[in-house]
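Residue strings, one per chain:
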Amino acid sequence: MDIIVKSLSHRYGSIDVLSDISLHIPSGQVVCLVGPSGCGKSTLLRFIGGLECPTRGDVMQVGEPPQGSLNPLTYVFQDFALLPWRTVRGNISLVLEDHGIRGAAAREIIGETLARTKLSDFARALPKQLSGGMKQRVAIARALAVRPAVMLLDEPLSALDAQTRELLMDDLVSLWTRQPFTAVYVTHNLAEAVRLGHKVVVLSRRPGRLREIVEIDTPIENRTAGDPELDKVQKQLWDLMRDEARAADEELLHV
Amino acid sequence: MSEVARQVPAQRAVEYRGGGFAPSPHRWVGFMVFSVVVILAEWGTRAGWISPLTLPKPSDVLVTFQDLYTTGLLFQHLGPSLSRLFVGALIGVSVGVTLGVLIGLFSYVRSGMVPVVAAIFPIPKIALLPLFVIWFGIGEGSKYALIAFGTFTPTVVATYGAVDNVDRTLIRMGQSFGLSWLSIVRKIILPGAMPGILSGLRISLAIAIILLVAAEMLGAEYGIGAYILEAGSLYDLERLFAGVVILSLLGVIISAAIGLVESRLLSWRA
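Top line first, the protein sequences correspond to chains A and B. Residue 281 is where the first sequence ends in our numbering, and the numbering goes up by one at each step. Residue 616 is where the second sequence ends in our numbering, and the numbering goes up by one at each step.
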């Protein structure tokens, strides 16, 4: 299943947030959205998943989601969004219950996704007992449990410290190489974008417009830290963004 | 190198200036304060520097309490009071929680009911007792109504505040996974509002005990409130104090019970 964003624009009150964005997210690829803070990249992600409605333009899904996909468009949030009163197992079970999956069927799916994210030993733990990295692993496991057609990741590593970020990035890479998935990955971290993205979409500062789409040909599994090719792409992205990032930083907030 | 530069500089420990502002519980201190007050009262009334008109002897209060227990009068008074407290608070709290959740969920209910609740919150419910007697009769009905009405308003306010404070990102998460409206309310909003609802319950139940005495002002033969009021009008300080001690104990027990429920239900809190 592909996603196509068709000339989408959005304004909050009198402020233009996004302006004329058109985008194609092909199946099996990871598309990274980068841009200076406040450029509307997270807002765009909320449109793609149907959590918000754009002022103009459409988000279309092309083709049917694969058989057995319970929740085709599935988010992973920056702040994890785990229910603190449910255990790891309960948090995953939450998103299955509404699809009528309980008992043995639920146990099987939960066991499988926990194994995939190496969380099997933590099934009974409460979120308050887990570190940030573990919480995000649980959120990723929860997202995998509903067999999404497209994963929508909203700065999934931004709330974590640098070392945990590195570990989780490795996990995401190995999850993708074992079983490629379609994803839109919003980040402000260019290193993450060049590590995981097939395409990196650069947005301008508010109102967010499409600045450039950079394709990275190196297969994800072959990308390593310090790869000169990737460093070049990262530098190219930073050159595109630097002036705007500074301007965005110096802007007054309209709140 | 000069003489001064080679001198070893004086060392001293860095002055500690952190800590504090973190009260921790010391159970025995409460008992100590309590015992000191009682011992002072006993001493004063025995020695005569507290006149028996101002304060009864604590030991006499204890004797009165024992009489109450041995004659069986204690339970004759406690029984009706507890049932009034239970029925009244149950009605008030359950209606209050229901309305509070509805206010938290629906714009029209909020716009319609919040001003109404604000209007009835400051009414001293005791003032309405005669009205309730006309509406619900001099029997148990008016007593239930008074306690229910008094617990209702603080429960509503605490509940809709708690619902408002449920983390919106959790609700968005529920929507993003395609959970039904009912599932979001049942599995995300209600458990998320539970801490606020329980702390509201603490206040409502304390108010219920206060109103118990008021409710038993009219048409009650038995009940802790009736007992206290009778003792008061006869200026029987020993019995008055025995009754007051019972109410205090009731408050402590209810508060401890809520604490127990909290630690059971809210163990997930960090």
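Bear in mind the hints are in silico, worked out from the structure with no lab data behind them. Since this is a predicted model, take the numbers as computed values, not measurements. There's no promise every hint is true.
Said to hold, decoys possible - Some, not all, of what chain B presents toward chain A, calculated at C-beta under 10 Å:
#1 Y454
#2 R456
#3 S457
#4 P461
#5 V463
#6 N511
#7 D513
#8 L516
#9 R518
#10 M540
#11 S609
#12 S613
Even for Gly, the Cβ is constructed at its ideal location relative to N, Cα and C.
Hint check results:
no.: 1; hint: Y454; in the structure: violated, 22 Å
no.: 2; hint: R456; in the structure: violated, 23 Å
no.: 3; hint: S457; in the structure: violated, 22 Å
no.: 4; hint: P461; in the structure: violated, 28 Å
no.: 5; hint: V463; in the structure: violated, 28 Å
no.: 6; hint: N511; in the structure: violated, 14 Å
no.: 7; hint: D513; in the structure: holds, 8 Å
no.: 8; hint: L516; in the structure: holds, 6 Å
no.: 9; hint: R518; in the structure: holds, 6 Å
no.: 10; hint: M540; in the structure: holds, 8 Å
no.: 11; hint: S609; in the structure: violated, 14 Å
no.: 12; hint: S613; in the structure: holds, 8 Å
This entry does not satisfy hints 1, 2, 3, 4, 5, 6, 11, going by the numbered hints stated previously.
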